[in-house]
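Chains as they are written, first to last, in my numbering: chain B, 6 to 324; chain D, 6 to 324.
Since the hints were derived computationally from the structure, they do not count as laboratory data. Treat the hints with caution; some may be incorrect.
Which copy? The list can't say, so a pair holds if one copy fits it or any two copies do.
[To be verified] Pairs of lysine to aspartate or glutamate, EDC-like flavour, derived with a Cα cap of 20 Å:
# : residue 1 : residue 2
1 : 100       : 111
2 : 284       : 140
3 : 200       : 111
4 : 100       : 66
5 : 284       : 117
6 : 291       : 140
Keep in mind the model is a prediction, meaning the values are calculated, not measured.
There are 2 protein chains.
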Amino acid sequence: MRALVTGGAGFIGSHLIDRLVSRGDHIVVLDNLSSGQLSFLDHHQSTGQVKVIKGDLCNFEDVHAAMNEDIDCVFHLAANPDIRLGTRVTDTDLKQGTIATYNVVEAMRRCDVKKIAFASSSVVYGEGAPLPTPEDYGPCMPISLYGASKQAGEGLISSWVGTFGLQAWIFRFANIIGARGTHGVIFDFIHKLRKDPTRLEVLGNGLQEKSYMEVGDCADAILHVMSIANEPLNLYNLGSHDTASVRTIAEIVVDVTGCKDAQIEYTGGDRGWAGDIPKARLSINKMLESGFDVGMDSEEAIRHTAESLLAEIGLEDES
Amino acid sequence: MRALVTGGAGFIGSHLIDRLVSRGDHIVVLDNLSSGQLSFLDHHQSTGQVKVIKGDLCNFEDVHAAMNEDIDCVFHLAANPDIRLGTRVTDTDLKQGTIATYNVVEAMRRCDVKKIAFASSSVVYGEGAPLPTPEDYGPCMPISLYGASKQAGEGLISSWVGTFGLQAWIFRFANIIGARGTHGVIFDFIHKLRKDPTRLEVLGNGLQEKSYMEVGDCADAILHVMSIANEPLNLYNLGSHDTASVRTIAEIVVDVTGCKDAQIEYTGGDRGWAGDIPKARLSINKMLESGFDVGMDSEEAIRHTAESLLAEIGLEDES
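Pulled out of the complex, with its shape left as it was, chain B reads as follows (with noise of 0.2 Å):
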């Protein structure tokens, strides 16, 4: 299979891709390397499976070049990483979201590409659904803008699946974290400490509350799902078991650098700014259903992110 990932040089793109790798397909990634890095796919290089395209989502003539090179599915994973900028500059998440999306699948109309992988959010399902959600929760009113265009990426999809006969499968994720991960709170709190040691400040009460799933637990269950859900549009959480809270996590992570007289710090209230769900946990029968189980917990996912991110960014300081 000839596959095009967008995003992939990203973080879970990387894993994503190789997985694909192992299993003998060829890819072409399209990526603006703006949090993606080359170093993240240089192991493929000797493979000769893996080329990289560096162009932008946003420009429709870079997506349709990229989906014209003899593409049969598309792992859409391309987004604006950093959840919070929405509540500074507003119009990221329409442009590297929404419209990025449009031109995806405006892209694969155009060159006849038939199926789609989506990476979607629990964050679409906004605040106060029930817990664990299931796939079916409504009404979805996201808060965040990156949530926003998270949905609106799930309605291009499902409108281009009714309307010119796509194939879809989208993944709706829990918090995804692991190895070369290049945003999101542990690398946020290993950068704190790297800067002061001494000190952790965590945003909110600490009680935030959410699912925690592995990046290779999340491209394994993607690669499954696939290769047993077939309906014209198939929509599926990915999540763990359980959950865990960020003071939780702000432990694991000053045992695991070893700053043992850090601080840790709340700023207070319940969420860590503006748009931000305080508690998060997706119903994950439907994936269990599918055969497919995690291989590791929210705990477990933390200390081994935790681990991964530390032998990958160092505690010294260079700043």
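With chain B fixed as given, assemble chain D onto it according to the hints.
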């Protein structure tokens, strides 16, 4: 109150403005006059309560200028009115729906305008929802590009509620019909009979079955719900109690126009076009519980609309 009505020179907008003027409001209309008509607002000229700005919702500066007119509340009704267009032109709904709605909420943020009512649609529910469909149905997977843009608009608004403190009333409309209609099945049928009174071509098998609401009822329902619902985000289906088939509509239009010899011919298939939803009916329990009921049900609204449009359009073909 000073209201901005986007699409105010259009079909639903002009009826809403009739009511806003009656209750003493002042109104700024922002409309590109592509399907809206200044003549729909002529009867308010003497009141001095309605100011019309010809402008493009896709142009942020136009929206920002209109929003700067000391607005208390926005009624965001402007959109591409032609659902079928998305099967041929794929960026109209993205621009005139999604991006226009982004421009509206972003201009609200910058001008500190806090209240918005939004015209969404039953088509956000997609196909296969239980009938009648309640507001909390999920997952919403629209099958038309128009539906995708309405869902994206809902998400943008809900994210501005969650992130920037907007208050919103989102209305998912059934098929709204009535005087001054500029599109839709009854409008199309009258125009077809005007061209050829002996023959009426109907897209699909005529068994498509949807709920129709008279536009005056729709405008009254909007203002009623806004007067009693006061959550940060309020979501209501607006529709009538029953449905009518396209076959019934064709027969009513033939009857009202007096084209008794017209042969009704069906193109076949269960839907009018790719992305059309053959059966749609909204649960209106929430609207009824708010204390509002419609004056007309589907067939009565269809007959009233056919009579009104016939009087406006006439049967003399000038083409």
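Which holds for residue 291 with residue 140 at a C-alpha limit of 20 Å: within a copy, between copies, both or neither? Only inside one copy: residue 291 and residue 140 sit 8 Å apart there, 23 Å across copies, limit 20 Å.
I want to check one pair: residue 100 and residue 111. Are their C-alpha atoms no more than 20 Å apart within a copy, between two copies, both, or neither? So residue 100 and residue 111 pass the 20 Å test inside a copy (15 Å) and across (14 Å) alike.
How would you label the pair residue 200, residue 111 (within, between, both, or neither) given a Cα cut-off of 20 Å? neither (45 Å within a copy, 36 Å between copies)
When no copy is specified for residue 284 and residue 140, does a C-alpha distance of 20 Å or less occur within a copy, between copies, both, or neither? within (17 Å within a copy, 23 Å between copies)
Using 20 Å as the alpha-carbon threshold, which applies to residue 284 and residue 117: within, between, both, or neither? neither (41 Å within a copy, 29 Å between copies)
With 20 Å as the alpha-carbon cut-off, assign the pair residue 100 and residue 66 to within, between, both or neither. both (15 Å within a copy, 18 Å between copies)
The structure shown violates the earlier hints numbered 3 and 5.
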